[in-house]
Amino acid sequence: MAQVSVAQLKKTYHKTDVLHGIDFDVADGEFVALVGPSGCGKSTLLRMIAGLEDVTGGKISIGEKVVNDVSPKDRDIAMVFQNYALYPHMTVARNMGFSLYLRGGAKDEIARRVQETSAMLGLSDLLDRLPGQLSGGQRQRVAMGRAIVRQPSVFLFDEPLSNLDAALRVQMRADIRDLHDRLGSTSIFVTHDQIEAMTMSDRIIVLRNGKLEQAGTPLDLYDRPGNAFVAGFIGSPAMNLLPGEIVEGEVRLNDKLTVPAESRAAGSVIWGIRPEHLDWTPEAGSGVISGTVTGIERTGSSDLVIADCSGCRIMAVFQERHSIERGSTVHLRPRPGFAHLFDAETTVRLA
Amino acid sequence: MNRTADKRRFWGDIAAFAALTLGALCMVGPFVWMISTSLKPIAEQYDMRLIPQTMTLENYPRLVDIMPIHLQLLNSFIIAGISTFGQLLTCSMAGFIFAVVRFPFRNVLFVLLLITLMVPAQVTVIPQFIVFRFLGLYGTQAPLYLPAFLGGAFGTFLMRQYFLTIPSELAEAARIDGASLARIFFTIYLPLAKPALAAFAIFAFMFSWNDLFQALIYLPSNMEQTTVTVGLALFQTQYAGQWPLMMAGSLLAVAPIILVFFFAQKYFMGGIAMSGLK
Chain A
1 MAQVSVAQLK KTYHKTDVLH GIDFDVADGE FVALVGPSGC GKSTLLRMIA GLEDVTGGKI
61 SIGEKVVNDV SPKDRDIAMV FQNYALYPHM TVARNMGFSL YLRGGAKDEI ARRVQETSAM
121 LGLSDLLDRL PGQLSGGQRQ RVAMGRAIVR QPSVFLFDEP LSNLDAALRV QMRADIRDLH
181 DRLGSTSIFV THDQIEAMTM SDRIIVLRNG KLEQAGTPLD LYDRPGNAFV AGFIGSPAMN
241 LLPGEIVEGE VRLNDKLTVP AESRAAGSVI WGIRPEHLDW TPEAGSGVIS GTVTGIERTG
301 SSDLVIADCS GCRIMAVFQE RHSIERGSTV HLRPRPGFAH LFDAETTVRL A
Chain B
1001 MNRTADKRRF WGDIAAFAAL TLGALCMVGP FVWMISTSLK PIAEQYDMRL IPQTMTLENY
1061 PRLVDIMPIH LQLLNSFIIA GISTFGQLLT CSMAGFIFAV VRFPFRNVLF VLLLITLMVP
1121 AQVTVIPQFI VFRFLGLYGT QAPLYLPAFL GGAFGTFLMR QYFLTIPSEL AEAARIDGAS
1181 LARIFFTIYL PLAKPALAAF AIFAFMFSWN DLFQALIYLP SNMEQTTVTV GLALFQTQYA
1241 GQWPLMMAGS LLAVAPIILV FFFAQKYFMG GIAMSGLK
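Chains A and B supply the protein sequences, listed in that same order.
What the first sequence shows, in this note's numbering, is residues 1 to 351, in sequence order.
What the second sequence shows, in this note's numbering, is residues 1001 to 1278, in sequence order.
Treat the hints with care, as some may be off.
Not everything, but these chain A residues come out facing chain B in the computed CB check (under 8 Å) [what the hints assert, rightly or not]:
(1) Leu52
(2) Val66
(3) Lys73
(4) Ala78
(5) Phe81
(6) Asn83
(7) Ala85
(8) Ala93
(9) Phe98
(10) Arg103
(11) Ala106
(12) Ile296
(13) Thr299
(14) Gly300
(15) Ser310
(16) Cys312
Stretch by stretch, here's where chain A covers chain B in the computed footprint (C-beta under 8 Å, at least three residues) [what the hints assert, rightly or not]:
(17) 1121 to 1132
(18) 1177 to 1188
Don't read these hints as lab results, they were simulated from the structure.
Computed from a predicted model, the values in this text were never measured in an experiment.
Where is the CB? At the ideal position from N, CA and C, for every residue including glycine.
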């Protein structure tokens, strides 16, 4: 097992900067998710750790060793690809045993380890099948098995769940986390899905445009997003973010809409509140946001209401069912202590 | 409204079918005629019936008596076989490198390679001849198959295009698994390229089998050591007018190609569609 550390890592493709100096550490045995919108450089970063991309600048270390110029096979890593990258003409057993075979392992030793791993993943009956004869979920498991069988120090996952259907994804989320805990390995997991990141990881690293936006535990990022981007990216449905002006202890969102500021900050700000932190109230009043319902999504467990509040689009989630319909008026009270303020210019969180 | 559309489509189908049938007849006609003539006795060679009045196989043994066509077929087979192997090996290697490995000036080099497709074989024949004579290979079969081991633009292009369709993650997964470039090529890419290899093998075999020009230049001009294409050309000049014999020889010469087509047409069509050429 080993820690991974990335220092001032830079990547340039054809004179375009993809990563602008990224710094972070992954502790031994930690499960870290790299998240960000597409094009943020998260996959490139993972591929650089794997050794599939050259390093333009900075350092990558695995264990105590700088691996910038170490070939992928000598980095003691295993990677699970988004499309699984199983060898289509090899059986499940050969796919899983291929790396051991290339390392010159003894035949019965390879067979034993493949058996062991496949039993752990429930693949024992599929060892003689070809990847083409497997379902998506089974292929995903084989890809995992191929990584596990080598007992690497670091597991790298490149959006491994995005080709699965929703139900399977939820199950594999738990399974992967479970495997991680059992094997005690270090894992780095790339995803664009913040729910995956939130539910699986010990720590989340948010990237945007090749820069690190924030790193922290899932709840840290949810409770205290460091800037407006992280605030909007983490959490689902996304946080309401509205530009406003602080005047006399109140945030003036527009001519008709003001909410309590709960801060001594002044000037132009972005005011944020999560949909789940807006409470339904029967009547309008001071500090209450009133608006017309323009959309409503009922999932059974909760109602998502989209309202037009004097020109601001605001989303709210209610656990209870209220008699709301499209076109009706709704009154929302921001739960005290749950609003966020960000600097309008830099979008950085204000204390 | 719908019925007129149906009707129009019906007549459209009929027209297309008729045109295709006509085309097929034009293609098959000469072959049928060749078979028919090869089965006629010499005396009836100008008899214009499609089904011979007297059907006979005597032309075949007579042909072998006059010209050792079995030896020529063997020569053709050896040359075409070795050069097909050479082409498959070197073109797939070159195609793999162009498709998978990133190196400086890769695209420039690839375009240069493609440009060589525009150089006709006749242009290089004299320098090539001088080289082979210098090597002491003039008069042997080697000049006909050795160049195949030096790659070829068409095959490299074809194989590269196919290798590009294989997801690059396979090579990356293999690199992480610890495979060398050669291992990735032989264990992963080559087995996956079987359809492309089969299609290209047919192209290469046919090209070499049908070659008259190079064989005429390099091989000794006696009937035993030459290929079947040269043999038939010589036969035509020496035994002009003996059409049934000529057709029997031609049939034997094209039979292997037809057989290969018959058994591998699936790959062959796939190959044409894949290359997007010809």
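Any of the earlier hints contradicted here, and which numbers? Result: hints 2, 8, 11, 12, 13, 14, 15, 16 and 17 break, sorted rising.
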